[in-house]
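Take a look at the letters that make up each chain.
There are 2 protein chains.
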Amino acid sequence: MKDKLIEFVSIQLDKDLKEPLYVQLYEQIKLMIKQHLLSPGYKLPAVRNLAQNLQVNPSTVVNAYKELEKNGFIFSKRGSGSYVAEQVINTIDELEENNHIPIDLTDDLKILQGQKNVINMSTISLNPDMISIETFKQVVNKILERDKGYAFTYQDSQGYLPLRQSITQELAKKRINTTPEYIQIISGAQQGIDIVARAILKHGDIVFVENPTYPGAIAAFRSCGAKIIDIKLTKEGIDLVDLENKLRKFRPKLIYVMPNIQNPTGISYTKANCRRLMGLARFYNAYILEDDYISGLCYQEKSPIPLKAYDTDDRVIYIRSLSKIFMPGLRLAYLIMPQVLAQTLLNVKHISDIATSGLTQRVFDYYLREGLWQEHLNSIRSVYKTQFEFALRMAKKYLPKDIDYLKPQGGLSLWLNLPDRLNASEIIEKARNEGVIICDGAPFFVRNAPNKQIRLSFATLSLAEINTGIKIIQNITKD
Amino acid sequence: MKDKLIEFVSIQLDKDLKEPLYVQLYEQIKLMIKQHLLSPGYKLPAVRNLAQNLQVNPSTVVNAYKELEKNGFIFSKRGSGSYVAEQVINTIDELEENNHIPIDLTDDLKILQGQKNVINMSTISLNPDMISIETFKQVVNKILERDKGYAFTYQDSQGYLPLRQSITQELAKKRINTTPEYIQIISGAQQGIDIVARAILKHGDIVFVENPTYPGAIAAFRSCGAKIIDIKLTKEGIDLVDLENKLRKFRPKLIYVMPNIQNPTGISYTKANCRRLMGLARFYNAYILEDDYISGLCYQEKSPIPLKAYDTDDRVIYIRSLSKIFMPGLRLAYLIMPQVLAQTLLNVKHISDIATSGLTQRVFDYYLREGLWQEHLNSIRSVYKTQFEFALRMAKKYLPKDIDYLKPQGGLSLWLNLPDRLNASEIIEKARNEGVIICDGAPFFVRNAPNKQIRLSFATLSLAEINTGIKIIQNITKD
Numbered sequence: 043m044k045d046k047l048i049e050f051v052s053i054q055l056d057k058d059l060k061e062p063l064y065v066q067l068y069e070q071i072k073l074m075i076k077q078h079l080l081s082p083g084y085k086l087p088a089v090r091n092l093a094q095n096l097q098v099n100p101s102t103v104v105n106a107y108k109e110l111e112k113n114g115f116i117f118s119k120r121g122s123g124s125y126v127a128e129q130v131i132n133t134i135d136e137l138e139e140n141n142h143i144p145i146d147l148t149d150d151l152k153i154l155q156g157q158k159n160v161i162n163m164s165t166i167s168l169n170p171d172m173i174s175i176e177t178f179k180q181v182v183n184k185i186l187e188r189d190k191g192y193a194f195t196y197q198d199s200q201g202y203l204p205l206r207q208s209i210t211q212e213l214a215k216k217r218i219n220t221t222p223e224y225i226q227i228i229s230g231a232q233q234g235i236d237i238v239a240r241a242i243l244k245h246g247d248i249v250f251v252e253n254p255t256y257p258g259a260i261a262a263f264r265s266c267g268a269k270i271i272d273i274k275l276t277k278e279g280i281d282l283v284d285l286e287n288k289l290r291k292f293r294p295k296l297i298y299v300m301p302n303i304q305n306p307t308g309i310s311y312t313k314a315n316c317r318r319l320m321g322l323a324r325f326y327n328a329y330i331l332e333d334d335y336i337s338g339l340c341y342q343e344k345s346p347i348p349l350k351a352y353d354t355d356d357r358v359i360y361i362r363s364l365s366k367i368f369m370p371g372l373r374l375a376y377l378i379m380p381q382v383l384a385q386t387l388l389n390v391k392h393i394s395d396i397a398t399s400g401l402t403q404r405v406f407d408y409y410l411r412e413g414l415w416q417e418h419l420n421s422i423r424s425v426y427k428t429q430f431e432f433a434l435r436m437a438k439k440y441l442p443k444d445i446d447y448l449k450p451q452g453g454l455s456l457w458l459n460l461p462d463r464l465n466a467s468e469i470i471e472k473a474r475n476e477g478v479i480i481c482d483g484a485p486f487f488v489r490n491a492p493n494k495q496i497r498l499s500f501a502t503l504s505l506a507e508i509n510t511g512i513k514i515i516q517n518i519t520k521d
Numbered sequence: 043m044k045d046k047l048i049e050f051v052s053i054q055l056d057k058d059l060k061e062p063l064y065v066q067l068y069e070q071i072k073l074m075i076k077q078h079l080l081s082p083g084y085k086l087p088a089v090r091n092l093a094q095n096l097q098v099n100p101s102t103v104v105n106a107y108k109e110l111e112k113n114g115f116i117f118s119k120r121g122s123g124s125y126v127a128e129q130v131i132n133t134i135d136e137l138e139e140n141n142h143i144p145i146d147l148t149d150d151l152k153i154l155q156g157q158k159n160v161i162n163m164s165t166i167s168l169n170p171d172m173i174s175i176e177t178f179k180q181v182v183n184k185i186l187e188r189d190k191g192y193a194f195t196y197q198d199s200q201g202y203l204p205l206r207q208s209i210t211q212e213l214a215k216k217r218i219n220t221t222p223e224y225i226q227i228i229s230g231a232q233q234g235i236d237i238v239a240r241a242i243l244k245h246g247d248i249v250f251v252e253n254p255t256y257p258g259a260i261a262a263f264r265s266c267g268a269k270i271i272d273i274k275l276t277k278e279g280i281d282l283v284d285l286e287n288k289l290r291k292f293r294p295k296l297i298y299v300m301p302n303i304q305n306p307t308g309i310s311y312t313k314a315n316c317r318r319l320m321g322l323a324r325f326y327n328a329y330i331l332e333d334d335y336i337s338g339l340c341y342q343e344k345s346p347i348p349l350k351a352y353d354t355d356d357r358v359i360y361i362r363s364l365s366k367i368f369m370p371g372l373r374l375a376y377l378i379m380p381q382v383l384a385q386t387l388l389n390v391k392h393i394s395d396i397a398t399s400g401l402t403q404r405v406f407d408y409y410l411r412e413g414l415w416q417e418h419l420n421s422i423r424s425v426y427k428t429q430f431e432f433a434l435r436m437a438k439k440y441l442p443k444d445i446d447y448l449k450p451q452g453g454l455s456l457w458l459n460l461p462d463r464l465n466a467s468e469i470i471e472k473a474r475n476e477g478v479i480i481c482d483g484a485p486f487f488v489r490n491a492p493n494k495q496i497r498l499s500f501a502t503l504s505l506a507e508i509n510t511g512i513k514i515i516q517n518i519t520k521d
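Chains as they are written, first to last, in this note's numbering: chain A, 43 to 521; chain B, 43 to 521.
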């Protein structure tokens with residue numbers, strides 16, 4: 043029985059590029075391995091099968107596999123096929139969490155406890171000790187008292203109405219006017235991206251993404267067979283020249299952006315950039331998917347305005363997580379649906395999982411209504427602001443001057459651009475030998491990752507650990 | 043901007059059938075409206091657009107729309123298009139819950155309180171009063187004490203390992219031997235069906251389903267562009283002659299079945315039927331998706347053996363809900379993955395929503411480990427057994443002899459086959475006028491619903507209400 047090569051459906055090979063096809067294929071499979079889309083022990087498709095799927099000559103696949111084997115990404119068993127190899131570093135490597143990519147922190151803890159000196163600058167998940175268990179307990183108990191068995195019954199597919207009302211009120215503070223009928227409750231931001239992809243993308247449709255961008259979005263778009271085009275970023279936001287050139291050429295169905303504290307770069311779009319982006323999307327008639335990834339952790343006086351607030355003709359689909367910053371494992375987010383897409387999005391949500399946990403929705407509704415959500419966010423923000431500012435000071439003090447980084451308006455990490463003399467993969471390996479785990483920038487690129495970016499996060503670190511970690515990186519990177 | 047007509051992608055029109063194409067189209071759109079896949083106010087696609095999508099003559103669509111309008115399913119606004127009409131009965135109609143199709147029970151309660159005498163024989167959701175809130179509270183509090191902030195962190199995409207271990211132990215009791223590495227935790231059974239569909243079905247692939255079957259599965263298969271073929275059921279299980287004839291002809295990729303207390307018919311496959319089904323699947327090389335829908339509510343001495351226990355060559359994907367019977371709104375289920383599909387299923391789960399709520403997983407792990415899950419199930423089962431036997435007695439006593447129904451081994455409903463002299467839609471309407479809500483059988487058919495089936499459920503009723511409800515049906519249906 044031949045299974046659909048779902049992991050490979052959206053590999054894009056372009057004969058017009060200078061790079062030979064087999065190198066393109068090599069790079070893309072390598073990235074899939076690095077992104078853990080293909081795990082150690084995974085059996086790669088037979089050459090003939092993959093070649094047929096990609097409509098290339100079998101020799102292209104043979105050469106790509108050879109290159110992968112030479113570089114240790116795969117191994118072959120005589121007469122049995124090729125398999126993804128265990129990657130060089132194993133237990134510690136599993137700590138590398140690429141943004142949303144989940145790991146079982148209980149397991150991590152065990153590993154960490156066995157390796158006391160590890161400084162994990164890779165994870166951007168919150169330090170679990172910062173969550174107020176007491177408040178949560180009280181809220182759950184109150185909800186159970188109040189709603190009894192109804193807290194466990196099926197929820198409306200669109201979401202618990204009181205929660206949708208609370209969200210609408212929160213949004214008004216961010217200059218977004220909408221009504222509960224256009225709010226769809228979802229089980230985390232990733233589900234939102236997936237639902238949007240399934241609702242509007244056909245096989246072969248084009249999606250624009252920022253370069254670099256969130257790998258979970260790339261995977262969702264690819265699973266619908268979409269072609270992905272990456273758009274450059276500048277310090278002001280999306281590169282408008284690159285965007286307009288490509289809009290003219292490719293006419294995308296969807297543009298996926300994170301305009302506030304972009305992941306992974308930390309860039310925030312200026313107001314002018316937002317307005318221009320909206321104008322271009324209107325002119326070229328594309329939907330925009332705004333992933334308001336982490337704007338709750340902005341450390342500026344004024345909280346950032348979402349792109350959705352600039353949306354005058356209902357073309358921005360806005361996704362925001364309610365749980366991410368302090369209870370990511372609870373999987374609760376929402377999206378604002380353009381009127382014309384509402385019914386389709388509702389249908390896809392229903393097919394996906396019928397509805398999001400009613401109990402979780404009721405709990406978060408209570409958090410929002412009673413001001414507890416904002417209170418938590420404020421307390422977490424003030425802790426992280428200190429860490430953030432400390433991390434920036436340490437970076438300024440210790441990092442070599444030719445390592446370039448932006449000062450983001452918020453978030454939990456710094457995105458470093460390395461000079462010619464340094465390579466990301468080497469630094470990551472050296473740092474690991476010193477007990478510091480760093481996130482590789484490669485998985486955030488749609489293709490041809492330049493091996494010049496790393497992300498330093500401080501989500502679970504003490505100030506002392508930030509200090510030690512950055513000093514170790516100083517030692518490794520100094521001229 | 044033209045959106046993909048996702049609701050319509052998998053309409054199947056067959057020129058070889060006697061029925062004209064426009065009638066086929068009429069029937070299928072009617073069903074979608076009845077299944078609430080298209081809601082009141084939904085704007086139907088323009089004639090030209092739908093005709094193009096379905097590759098039929100525009101006049102086929104025009105005639106189907108005319109027929110839909112004549113029968114009150116849609117209405118047209120001059121110069122603006124056609125819209126789905128409010129269905130005849132509204133507030134009460136919303137109570138009609140087709141199996142998994144969710145409704146906000148808090149809202150229902152309000153409606154019910156306003157209409158004291160309504161007897162809802164439609165819902166198969168549990169009576170919320172039967173859930174032990176105290177136990178749940180204690181468990182949540184214990185988990186929060188034990189795991190603290192880790193209860194809120196990202197869970198491994200495959201699921202919380204201790205829970206996968208608990209499930210493996212439960213399965214051994216049902217003669218299924220597997221290991222935690224082949225268990226995938228999912229956010230409810232619907233997500234499982236959807237993930238399986240996305241992992242193995244390509245556009246145009248063929249899926250076999252029982253006739254009638256669960257509408258949520260039909261929707262998931264259709265959303266992948268699969269063609270759906272329905273297989274007859276007998277009182278012993280799947281109709282093996284019909285199955286083999288169609289296997290020979292269509293070579294499906296997947297066969298979707300509910301071998302124990304099938305939904306909606308209540309049929310349970312005999313052992314011989316299970317063995318033969320496995321043999322045929324092996325010979326014709328198809329995967330089987332077993333939806334173990336409600337076997338926990340079997341009232342026989344011996345608990346039913348899943349089809350998966352007969353699976354000698356790893357071709358059955360088994361789905362079971364952990365939350366459905368007593369906390370359906372919490373959305374927790376699992377699937378057993380054939381080895382060859384495991385990696386693909388994991389990838390699709392990750393794209394869908396990264397992971398299922400870690401807190402919910404930890405809570406249910408505790409329920410399983412401490413025997414609380416089994417305890418709850420036992421107590422609920424004994425209550426429902428009484429109701430079930432009472433409903434059967436009342437049905438035998440009051441229903442006309444020409445109404446045919448099976449005595450199922452368990453579950454929460456009876457599936458009635460009406461004689462020629464009666465029509466489902468008429469009975470439903472008359473019953474509604476008397477304050478009794480009945481579930482129409484039509485949405486459970488892939489196409490050409492015969493208008494001869496209704497489902498009577500007693501999930502939320504007292505014995506007195508069961509008595510009254512069945513007597514009212516007696517009055518409506520008597521010769």
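FYI, nobody ran anything at the bench for these hints, they're computed from the structure. By construction, the Cβ of each residue, glycine as well, lies at the ideal position given by its N, Cα and C atoms. Heads up, a few of these hints could be off.
Calculated cross-link-like contacts (lysine-lysine; reagent style DSS-like; alpha-carbon spacing at most 25 Å) [stated by the list, open to error]:
hint	chain 1	residue 1	chain 2	residue 2
1	A	72	A	57
2	B	184	A	184
3	B	274	B	449
4	A	427	B	190
DEER-style ranges, computed between Cβ atoms [what the hints assert, rightly or not]:
hint	chain 1	residue 1	chain 2	residue 2	range
5	A	317	B	122	31 to 37 Å
6	A	434	B	219	51 to 57 Å
7	A	179	B	292	42 to 48 Å
A quick look at each hint next to the structure:
no.: 1; hint: A:72 - A:57; in the structure: holds (19 Å)
no.: 2; hint: B:184 - A:184; in the structure: holds (16 Å)
no.: 3; hint: B:274 - B:449; in the structure: holds (18 Å)
no.: 4; hint: A:427 - B:190; in the structure: holds (24 Å)
no.: 5; hint: A:317 - B:122: 31 to 37 Å; in the structure: holds (32 Å)
no.: 6; hint: A:434 - B:219: 51 to 57 Å; in the structure: holds (55 Å)
no.: 7; hint: A:179 - B:292: 42 to 48 Å; in the structure: violated (55 Å)
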